[in-house]
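Participant: Reconstruct the complex from the two isolated chains, following the hints.
Residue-level listing of the chains:
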Amino acid sequence: MIRWFLRGVTRRRLTTRYPRAEEQAPPGFRARALLPTEPLVGDEARDVAAVCLPRALSVDPDGALAFDEQRCIGCGLCAPALAMDPGYESARVGNSPRALSPSFRRSLHIRHVDAGSDGAVEQEIAALLNPYYDMQRLGLFFTASPRHADVLLVTGPVTKPMEAPLRRAYEAMPDPRVVVAAGTDACSGSIWTEPEVLGGVDRVLPVDVYVPGDPPTPVALLHGLLLASGRTREASSPFTGRAA
Amino acid sequence: MIALEDREVDAGSLATELVRLGGRLMMLFASASADGGHDLCAFVRAHDAHGGVIRLRAPVPGSTYPSVTPCVPAAHWFEREIHDLHGITPEGHPRLEPLVNHAPDEGEVKLFQEDDAGVTHRGAERLAGPGVFVIPYGPVRSGVFESAQFLVQTGGEDVAYCAQRLFFKRRGAERRICEVPLELAVLVAERVSGTSTVAHALAFSHAVESLADTEVPPRAQAIRRVLAELERLYNHLEATVRECEDASLAVAQAQFAALKERLHRIAAAVAGNRYLRGTVVPGGTRIDLDAAAVGLIAATMSEWEREWGRVLALLLRTDSFLDRLVSTGPLSEEDARDFACVGPVARASGIDLDTRRDLPYDGYPALAVGHHTDGDAMARMEVRFQEVGSAVELIREAVGSLAPGPTHVAIGPLVHEAALGAAESARGETLYWLEADGSESLSQCKLRAASFVNFGAFNRVFDAQVLTDFSFIEHSLGLSPAGCDA
Chain A
553 MIRWFLRGVT RRRLTTRYPR AEEQAPPGFR ARALLPTEPL VGDEARDVAA
603 VCLPRALSVD PDGALAFDEQ RCIGCGLCAP ALAMDPGYES ARVGNSPRAL
653 SPSFRRSLHI RHVDAGSDGA VEQEIAALLN PYYDMQRLGL FFTASPRHAD
703 VLLVTGPVTK PMEAPLRRAY EAMPDPRVVV AAGTDACSGS IWTEPEVLGG
753 VDRVLPVDVY VPGDPPTPVA LLHGLLLASG RTREASSPFT GRAA
Chain B
2 MIALEDREVD AGSLATELVR LGGRLMMLFA SASADGGHDL CAFVRAHDAH
52 GGVIRLRAPV PGSTYPSVTP CVPAAHWFER EIHDLHGITP EGHPRLEPLV
102 NHAPDEGEVK LFQEDDAGVT HRGAERLAGP GVFVIPYGPV RSGVFESAQF
152 LVQTGGEDVA YCAQRLFFKR RGAERRICEV PLELAVLVAE RVSGTSTVAH
202 ALAFSHAVES LADTEVPPRA QAIRRVLAEL ERLYNHLEAT VRECEDASLA
252 VAQAQFAALK ERLHRIAAAV AGNRYLRGTV VPGGTRIDLD AAAVGLIAAT
302 MSEWEREWGR VLALLLRTDS FLDRLVSTGP LSEEDARDFA CVGPVARASG
352 IDLDTRRDLP YDGYPALAVG HHTDGDAMAR MEVRFQEVGS AVELIREAVG
402 SLAPGPTHVA IGPLVHEAAL GAAESARGET LYWLEADGSE SLSQCKLRAA
452 SFVNFGAFNR VFDAQVLTDF SFIEHSLGLS PAGCDA
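Here the protein sequences come in this chain order: A and B.
Numbered by my numbering, the letters in the first sequence go through residues 553 to 796 in order.
Numbered by my numbering, the letters in the second sequence go through residues 2 to 487 in order.
If we strip away everything but chain B, and leave its shape as in the complex, we get (with noise of 0.2 Å):
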């Protein structure tokens, strides 16, 4: 359960007091009030490593309030998304477009002198003039991805600018969850991201067990670890295969490929889904790993971590790899901390958290968090590097300490009104708010990925980069628009 401490402040001084906190924006969603006005809710986490979470309240009685954005620039797409759905116009916003509403095929392809927290981009300054032009990349692109834009600014080779348009990919996820029966809506939660159905389950669960005072029984919460884990592994090997492919390494990107084709035969095999769906429930599991399973695992993790080893040593000592990643694409600590970056993308950056060890849930052991400082994308990829190692050695320690016992305790009365879920994805820290009125469904829904901030730092990376790098960058931030978008 996430400790939260409740303050209420007026919307005029909510800038204020998150500058006067410090810290880190989780997340800030608008509700509306039973007296027809509106509640801000803000999340801050003053210090990641220890202590608990704040939430600020505050009311908006209007339809309008001072933006926090020219204070706190992690605000940006919170803001706009509040004016999208909520129709509360945060007054002073440096661009308060349309955000998850948006109408792809109207939208003006323009040149952007000011990034999306209103400060000029450094490109604007040193490219400009007749020459400079936008390549609109996407929603549909070059290969198999997810659909997602990116207006390429650029004068032919170096890219001044890069402004992501997301929210293509908008199923209204948040509105399911409280359509559906409570029982059923960890369904929607696990496929709110499909690469991250372990996180999003976790989060969700987590949130629903504050809410009905549940207590995991200990032998799921070691299963809850190991499926956590293999899910880190698989994604972090995805960003690793997709960075090979980049660099037209065609063997290491077929061993690497081969190894997370692996991980997911283990999965269907213990979990019987490739993506581990159906797993995580509020409670506890709903599988459980009986010796055989056990077996396999302990069997195929270590023969995977040696053949991990000697393709991963073979692909460091590739000068063509580390040439495309080595200073490519820098995001430097301010900025991480400005956008309030998670996951991997913040720790390369220098920046020390980790939901896992700063919000612990399902028995985490003590965790040594590796970070790093140089804050590009093979600094982003060392990460995952040294993730993949400490994530087959939890899976090792978790399959080690199965107790006997139930692997799934029934939800009891909601006794409490809201509550804070929290997971660490491979991507990054994963939230989700649920808030319960006593029927059968949920009352309100607030599900925040990891992806959605992480994508809010994109245009950050980008300066003094070529086009060439492109894809180097957007695959070493590991982002997935499903989640973003929701």
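This is chain A alone, in the form it adopts within the complex (with noise of 0.2 Å):
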């Protein structure tokens, strides 16, 4: 144990000093697809539109281009009409957003819950306890027991089975409680339809935060939970996500 202790101490620091100062992701980082200024019409759009597995580019009425974030997977297969953005932050408050209490400022104890992911959100979740992100120096902590929780993560499009098991998770957990809705399939269903999936979180859930991500990174998700919290605000780019 003594050898343990001596390797822990003499390593150096590794954490990030986020959310304080910017943690940036490296240039080629694919996070979402960026829609250029001057709008796309017409064939063009059209064209873009049909690669775009998860319709997160769809042609408006008008003709013109239109991009859904909350359905981006970043796969960069609508590249070079579009470019793609690294920016980690991509966390939004949804339309309705509950009051947050000030009790939440300081310390918020999380639940999370699977609702048909594909695996790899959840090692990024867990990543959240590694020395890099060390969530805990910001008052987060996970729970086991809903009942103790006050921020309910879900990932995955919530598949038929998962959906009786995470109204239990939500209806378990006292007020005020606030969700959120961890990767691009939990935010809209992503790639996945019915009949075997939802379509999104907030189809069973009222859903106060979404982290879109195909993963979502660890500092996506300390954005989102920082958020919830009402400890941080949005990226400065316009919200174009699931509008009413």
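Because the hints were derived from the structure by calculation, they are not lab data.
Any given hint could be a false lead.
Taking lysine to any residue and the SDA-like style, the derived pairs with C-alpha atoms no more than 20 Å apart in a straight line are [claimed, not checked]:
id, chain 1, residue 1, chain 2, residue 2
1, A, K712, B, R142
2, A, K712, B, R176
3, A, K712, B, L86
4, A, K712, B, H103
5, A, K712, B, V101
6, A, K712, A, R755
7, A, K712, B, E98
8, A, K712, A, E723
9, A, K712, B, R166
Source: prediction; values computed, not measured.
Facilitator: The following block contains the structure:
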């Protein structure tokens, strides 16, 4: 044990200073597509929308290309017509977020429920505990019981067998409570369709914060959790998500 | 391309034929035939180390056929799946309950006397009486885990039996692959098991490349090897982190988690995604490794390997870790063969198989397949530790052998009607069977992740174990519910 202790105390600090300092994504990182400033129209718009499997890109009634970032999986197949945005901070507040309790500010207990994810987002959530992100420094904790939880962190597009367990976990939580949808499939259903999946957490529960990403990076998850506790703001680009 | 030997038998003698062939049942599924009936299709590998794959076709004219599970236990989940999806009844199946179409809330929690393959489990004889009860653990479990349920039958401390219930996460991947245009289908395959993205994309792409007789350029093959081995590394690290967490070794957990994080950062820098999505496509790769990427991999991997060696050496001298893993959750070679296990789980139980060597692809050099005979949790971890070393070596070799040239060739017209694709994920053999009928999408897809077969053997490792060993056993198997459920 003494060897582990020495190993632990002799390593240099790895932990990010996020959110006090920005965490930069590597230049080629494909977080989501970026609509060009000059709107794409006509055949060009149709061709780009045709290669978008999760239907993040569509042609609106005026013939212009529209983008739903909650559906984008960052596959990059729309390149070179569209560029890719590497920005990590992808979390967005939903359309009718609940008033947050001031008691959330410095201590937030999180219960995770997997409603049919692909498994990578669970590892990204678990990565929040590694020395690089160390979410406990921010007063964020996982809890085993939904009765102790402030946040329900839901992954996956909600498969039919997981609908009831998901509802039960939510109902077991005391008020005030917040629901965070983690990952593009939890935000919108992504590439998955009925009948096996319901198509996003907001088909079942009111969602307060959306964290798209395929999978969402640990920084994006931290951003979402801080957003859920009212400790940070959305990134500056316009919200193009699931408008009502 | 995988050489297939086609044979046709009648459904009544399928079991006899499978027993006569011996070997390993890779997968078994049904598809609708033109005359309104169904065809059963079994893939068998008579010898893993050499030879091809035998494809047995058995037409089922009616709605029943004699079950093969009593003779070939590995068929147990496949036959229940066939029953769920096609309404065909394998008569004589020891437990024909719903598998993939289960209604989780209506299932009665009961004590099992027999396991899934119909064998009276040893715990039932050892531990019986009114004090035995069932802990329904899951699908929502304590901690950050994927959804799966384990019905742990126990007298309080000793586990008599543990029944696994999966398929809470079934998303209909096979249906989606056939619905979407062929050039987008790989995006679905990538998301079947998000931590085995490259392996699934590779197995799918190998099948498409066989359908079209397309040869992948050497540069793309080398890049694929780099990506596949990088994926193997972070999956093996994940298993190690989880085992350290279970053993309450906080420093070890943090050190291995930091090593894992560095792999994801390499992935993000060279491939634009921390889980290597959008990299492998039929015909080659969508990314290229330029001089900067090669430099980054070369520089970071040697330092990474040194760090890994140091922390691992420390771990292997930590008694509180070894005590929990040695002799925990043993899987006998017989059980591993009966249930046709694959990957590190099979290799730890003395079975010599590795898709990279047995059904070679993407120019892998000659591979020494490490295997172990103990079959316990420690053996499974030791197999992974060996593979971490060989994966680093393979990455180094692949980066060094990057020939100039294209990274992608266009997929031509599909000249064959059906093909099998395979790849070795960190969890073992991953299979895609694809059929094409000339339209824009595939007409049939059957995928089989490594976790589907390894989960089938889950209840076999719980003989004479105690409750507190549960998480050690589970994490030593390193299973992916997402891949199993698809």
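Participant: Hint by hint, note whether the structure agrees.
Facilitator: A quick look at each hint next to the structure:
1. A:K712 - B:R142: Satisfied, since the Cα-Cα distance of roughly 18 Å is no more than 20 Å.
2. A:K712 - B:R176: holds (16 Å)
3. A:K712 - B:L86: Given that 20 Å is the threshold and the Cα spacing comes to 16 Å, the pair holds.
4. A:K712 - B:H103: holds (10 Å)
5. A:K712 - B:V101: Cα-Cα ~12 Å, so holds.
6. A:K712 - A:R755: holds (12 Å)
7. A:K712 - B:E98: holds (18 Å)
8. A:K712 - A:E723: holds (18 Å)
9. A:K712 - B:R166: Roughly 15 Å separates the two Cα atoms, so the pair holds.
Of the hints listed earlier, there is not a single one the structure fails to meet.
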